[in-house]
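Based on the provided sequences and hints, a complete structural model is requested.
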Amino acid sequence: MVSRRGFLKSGGLALMGIGLMGGIPGFLAEAVAREQIIKPYGKRKVMVCIFQRGAMDGLMAVTPFTDTYLQQARPTLFMSAAKSSTPGNPLIDLDGHYGLHPSMKAFEPIFREKRLAIVHGIGSPNNTRSHFDAQDYMESGTPFDKGTNSGWLNRAVGLLGHDTLTPFSAVSLTSAMPRSFYGDNPALAISNLQDFGIQMRGNAVGTDLASRSFEELYGQSSAGLLQNTGRESFEAIKMLQKNDVRNYKPANNVVYPNSALGNALKQIAQLIKMDVGLEVAFTESNGWDTHFNQGTENGIFARNVADLSNSIMAFWNDLDAYQDEVTVMTMTEFGRTVHQNGTGGTDHGRASCNFILGNTVNGGLIHGQVQPMSTDNLEDGRDLPVTTDFRSVFSEVADKQLKVNNDRILFPDWKGEKIGVING
Amino acid sequence: MKNKFKVGFTLLIAGSFFILSSFFQRSAPVTSYKFPYKRAGLTERQAAEYLVGRFTYGATPGEVDSVMKMGLENWFSQQLNANLTDDSLNKRLAAYNDINLTNTEVCHIYPPGFVIRTLAIKDSAISKDSVDKAVDKKAFNAQIQAYMDKKGFKNDQDLYKQFIDQHIIRAIYSQNQLREVLTDFWFNHFNVSFFKGECAQFIPAYERDVIRPNALGKFDQLLVASTKSPAMLYYLDNFTSVGPPPPNTPKPASVQPKTDDANMLMTGGNKPQSTVKNNPADMSMMMSAASTQPAKPVKTITQPGKNLNGLNENYAREVMELHTLGVDGGYTQTDVTQAARVLTGWTVYPISDYAYGAAMKGLVAKVGEDNLAAKGYVHEGDFLFTPNRHDQGEKVVLGHTFLASKDPNVGYQEGITLLEMLANHPSTAKFISRQLAVRFVSDTPPQSLIDKMAKSFIDHDGDIRQVLITMVTSKEFWNKKNIDAKVKSPFELAVSSARALNADVKDPYPLFNWMAKMGQKIYYYQAPTGFPDRAAYWINTGALLDRMDFGLALASGQIGGINIKLSTFSKALANDPQAAVKDYSNALLPGDDPNEMTKELIPLLNDPAVLAKLANTGKQPIKHDPVATEKPVIGAPGDMALMSAFAESQSKVLTQAPVAQPLVNISTNNKMNANNMRSLIAGIIIGSPDFQKR
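Residue numbers (our numbering), protein chains in the order written: chain D, 7 to 430; chain R, 3 to 696.
There may be inaccurate statements among the hints.
Simulated crosslink set (DSS-like; lysine-lysine; CA at most 25 Å straight-line) [stated by the list, open to error]:
no., chain 1, residue 1, chain 2, residue 2
1, R, K477, R, K457
2, R, K140, R, K130
3, R, K124, D, K111
4, D, K424, D, K279
5, R, K124, R, K363
6, R, K40, R, K363
7, D, K424, R, K301
8, D, K421, R, K301
9, R, K135, R, K153
These are calculated hints, taken from the structure and not from any lab test.
Written out as structure tokens, the structure reads:
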């Protein structure tokens, strides 16, 4: 187990515990607590990962619009950057070659400010086109080994290199623990922060009595693990209660999209601002498996990228003074076929693209390699080949953002190069 | 033919021996073994509590007494035989009418959603332009539903729900508790996951036909059955694993990159024209075509030779690492590759067009159903061995040589030989013994115990019952320090609470939601390792708070579909929390001294000063049951009045409220309702550290 000492030693919290149990008057304990609990850990560097499940069509998100092969392969899906050729909104021309989907216009300013980087041609060396297998490999970080029990983000937590892990060091805003978080290091999966605590529905008295009873029982328990975790749990509740989760007001009058992703990122922003020790955050975005009618400037794909970019930018603007501490990275299990299929969509392919946002990001650039998409340049004659191993980007972000640089543990079996997506 | 005869004859002998031996076991109620608990300093009652705690999902009221009456050894023997009639369970199971469907029936009645959409387009029931368009989603869904009704299709999620429901019902109500506990153990050992769409449909039959009937049988039979099951073949990809084509023979039926055929299905046959099948012949064509054109080489990082040549090592690796030898079991990467070659051609008989179904259907049609056996194919239920996909070259696994052979009848037998070899390997004996000891004794079982069990495993050819007898008759098993050594999984916590309180579970699904919330979404563990079986995995801050909340929600009747009569266990009045603590402690923690709990809780529950202080400072927001869908009751008036009423212990017994009502109906009375006090205390005990232990 990773040491819990750092957490247990945070003195104000312990005093708070004693205070409630009697001995020290409640108001005094409250006062002590107010001084010491509100920001017990100070700012920490945070890596926020967003998994786009279902395999995003990277070629529609960030289109190499000068590629005539691609244009031919996608008679009704190809979008142009030319203002006149597309009715409505054309692609946002990023550099004369790549165009951003118009529904991701929220990303344009931050890209121009060089704080958003895109890696194209990213993916796994394992050529599986099964969602399950590809997600499993990407999240375990071992693309040829199914038996790896831990996820790469859990290993990252173990490599943080300090002993002040808190119950909120690694938080996944999902209802179940994601594969990325499987492992021995403490991690919390929660879909709603308001659920964190003792609750007896509709009964404040019962909640109070139960809470105090549990605290007493776990405090007196002889079992080491149950006792320690019990204490930590009650300290954690107090940390969250000091900050009013329910009445959270985002900074800069930011309005998050009313979507699962927007809601999850809003809660991650809350945790970051509470200084409760968050360092690795995870959440996901669903619905990217666009076999049918993925649409162009409107339709399911456009809605998905609008939600993705608007949620991320709301999060970013809400972070306000915390922007220097945070890097956001998206990931998806694979890309989609270069050719559109017979039902107005695309099928399972190989490479896709991803987005990395942060003040130290080597932004305003499309990293990676994408060749002209003639058949002989495609993998198995059909798919955008993977030219950048996802691990080279993940490991670089983990290294530069969290100082997690033991790649032999983070990504065993990987011996690749980093590609410079982050400065310094 | 000769081989077949020999196998059949051996099976016949083995079968009759099995029948005979089980006959003897049934007719001999007195066991030949004794549990050495007295030497370990345990009373008979303590021993019975420990025994029941380890081999059931928790004692039901009075169960420990009846075990003592029957004799501990006799009870255990009865559990090993697992043939108690389960009338009341079966009555409850009757509500789940589709849990006995065969895989074929499941495929026909519960096709996955995308298959339904594809068929609906083919049959012109929906227009392909309407799929995934935002406009008029309602009309689209209605069209799909009408199509499903017409074709007799059902929503596959309903099947999974029925399956999960029946599993929880069995765990709560089966008399054959040990068989259910071991069904869980082996399922987790040979884990498959609803997460993987390709195998999800086959999981109900997997547990029913592969795991449960073999849970108390021979390990090798369990292993072979799991290897052949569609759930495992799809989960760990062996269904797709193909050996190189023998020289001068036609190409095997399908060697293509692992694009899921779902993909093909969805495109309705309109595959991109450029799709090149990735068989070796086509690959070489591609290469030569590429080499004649001066196109820029593509710098792809896809690693050749891993998955490209048709061989898939996933199953071969995990069968050694996770199912048999264990990671330190003494095999190498070469053994993995060689074992994968031995198992080429082990695939799924065409059940539907899903995955390789269509290709295999074509193959079976070509060979002819009646000619399969003659041509070396083996068709057993949903399993198919296809000799034309089998690697006929020489293979060496763990020092055993499988000679190169062109005889199509040899291939299948190679796989059986390999699996028997793995099942009976000394490393397997140790690894399985260790896993069982971790499940039943402690997270860190003593090596001396594992060695005894491993010897028993070898001596009795992997007879699981004999290994368990060796374990439970050992002095290590009864060592006092093991009594508190295991923490319940969320599944065990939920099920044991229901059992201890004699709950009437009409709808188990809310319990599933709670298990998921507490960290165990059963059947959804993604990795082939299964859920880790150790306390440190289950107990973390979020999960522990959820366990406490679970206790409160269950005892206060806020989990829908479950009826609990708390008054059966305590008639304590509202002004007597002490009696309630004692009663519920006796009911839920029969081995514990209730005075301990009373000492800790009563000052809190009964001290007016504490309550008064609480009244001044306690302004915690009221939270709601996150798993229930109802809206929380926020800021209920009268909290203060209620607290002081409770503090002063002024109470009247009120008529019993229906169980599913909110805990405190504050607006209509100022008095602490006796029922509410009891549910608070029962909930606290369920969430207490002692109840988290098995």
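Evaluation of the provided hints:
Of the supplied pair hints, the one linking K477(R) and K457(R) holds, its CA atoms being roughly 16 Å apart against a limit of 25 Å. Distance restraint check for K140(R) and K130(R): the Cα-Cα separation of roughly 16 Å lies within the 25 Å cut-off, and the hinted pair is therefore satisfied. Restraint check for K124(R) and K111(D): not satisfied, since their Cα atoms lie roughly 38 Å apart, outside the 25 Å limit. Note on K424(D) and K279(D): the hinted pairing is violated, with a Cα-Cα distance of about 31 Å set against a maximum of 25 Å.
For the proposed pair K124(R) and K363(R), the alpha carbon gap of about 20 Å is at most 25 Å, so the pair holds. Taken as a hint, the K40(R) and K363(R) pair is broken in the structure, with Cα atoms around 62 Å apart against an allowance of 25 Å. Distance hint between K424(D) and K301(R) is fulfilled; the C-alpha atoms sit about 16 Å from each other, no more than 25 Å. Proposed proximity of K421(D) and K301(R) is supported: the alpha carbons are some 17 Å apart, at most 25 Å.
Distance restraint check for K135(R) and K153(R): the Cα-Cα separation of roughly 24 Å lies within the 25 Å cut-off, and the hinted pair is therefore satisfied.
This entry does not satisfy hints 3, 4, 6, going by the numbered hints stated previously.
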